[in-house]
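Model the full structure from these sequences, guided by the hints.
Residue numbers (our numbering), protein chains in the order written: chain E, 1 to 208; chain D, 1 to 207.
Treat the hints with care, since some could be wrong.
Said to hold, decoys possible - What the simulated footprint calls covered on chain E by chain D, stretch by stretch (three residues with Cβ under 8 Å from a Cβ of chain D suffice, anywhere in the stretch; the number is not a length):
no.	region
1	73-81
2	90-96
3	163-170
Think of the hints as simulated: they come from the structure by calculation, not from any bench. Where is the CB? At the ideal position from N, CA and C, for every residue including glycine.
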Amino acid sequence: MNNVLHVRAISHELPAFTALLQARGMVSRSLRNLCDADFLGRRAILIEAHIDQRTLMDHRAVLRTHLDAGGTLVFNGHLVYPIFDELAPYRVAAGRSVKDLIVERVHAHPVFDGVSCDDLSFRRGVAGFYGRGANPAPPGAVVLHRLQEDGSPLDWVWQRPAGGQILMHGGNTCWMYLDDASSAARIGPQLLDWIEAGAPALPGNQGE
Amino acid sequence: MRIAFVDGGTYYHHATFNDPALRRYFDDNIHAPALARADLAQVDCLYVASRQNPVDLIAARDAIADFLAAGKLVVALGESRADLWLDDVQWRPGEVNFWWWREPGADSGLRVGDAGHGLFERISLTDATWHRHGDLVTPPGAVSVVNTVDGQSVLYDDAASGPGRRIVTTLDPCYHHGSYFMPAASRFLHGFLPWLKDGAPARAASD
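Encoded structure:
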């Protein structure tokens, strides 16, 4: 079985990302074509922001098994269904003005090496593409990026006490910048590099 | 008007449907993969929310056709490829003009179609303006509510192409409103949904 599963959503499909996956021998499948067994035996599962979370609820048990077995899950989007027992639902930031949407880095991570927060805060001069709130970080999670104004933890990585790891991006799919002429374009390939390297935890945060 | 929200399970569908300011307009919620088998007897209007998986709607094509044959209303919001699951819809893709407003002297490319259409008692053209996802050919006998500058439509009201009524648009307000990311899309829904709930009157009262 192929080790990395990308679960496709049906809009914002990015041919450039699909090509990257194919080049690395990673599998990309539509959620409609997946059964429980397809989620097992993977070292990493990547979930797009526009995914049908309601259908993902049907696979809660195998997603838990994936994590229990030490797997990595990369989740994008506003978490609005209780797919993961330990995670709280999305909270939108209190403000919607430009200053409320500025992104700051809290902790470095290889996925975001060389990515400037300016390129996360603004896309062609418009703020808000990267995140407008957050899925709350569970205890023990390392926050990577937050909204400067209200501290919403946009991105975090969590060594789950029961096993496995979740890299959470509480906004639109973090590799959507792949074709942009900005440092944010590095996120997609660096994410896949990190997964191929075994998705190592940050030094000092190896969990249990 | 009893409105069923056809829900693709995404975060933006969840946020739109559950928005306390909008929840009152929907009488039912149908998960899109279940639409083909749903009992629609108590539903007057299918509100097919923006950005759905066309596969789910194609699978429900017969159910949707039967719904229209019963004289009911289908609202097909944008980016769900209505041309693949509704008869007589011609949609043409186009380059999305994401950042048009940042160019000096920019033009959205949208114009009022029929100024006397009932929807314009609830919204203005600016409430229907963010970016364009292609355009539509207005079927014969249908009313184009929002036109493009080159004579196509981005929202039309069609009671002519067969039984029932179709409101078809390229606009995707549920996606943006449910992402908290486009004030115009929120204003659109705050005007469109009460108009729909009131029976979607095709003509302005003063007309």
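Within 8 Å of chain D (C-beta), three or more residues of the region 73-81 of chain E: Coverage by chain D holds here, the residue count being 5 at a Cβ distance below 8 Å.
Coverage criterion applied to the region 163-170 of chain E (partner chain D; beta-carbon cut 8 Å; 3 residues): violated (count 0)
Annotated coverage of the region 90-96 of chain E by chain D, confirmed only when three residues or more have a Cβ within 8 Å: Holds: 3 residues of the region 90-96 of chain E have a Cβ under 8 Å from chain D.
Hint 3 alone, counting from the list given before, is not met by this structure.
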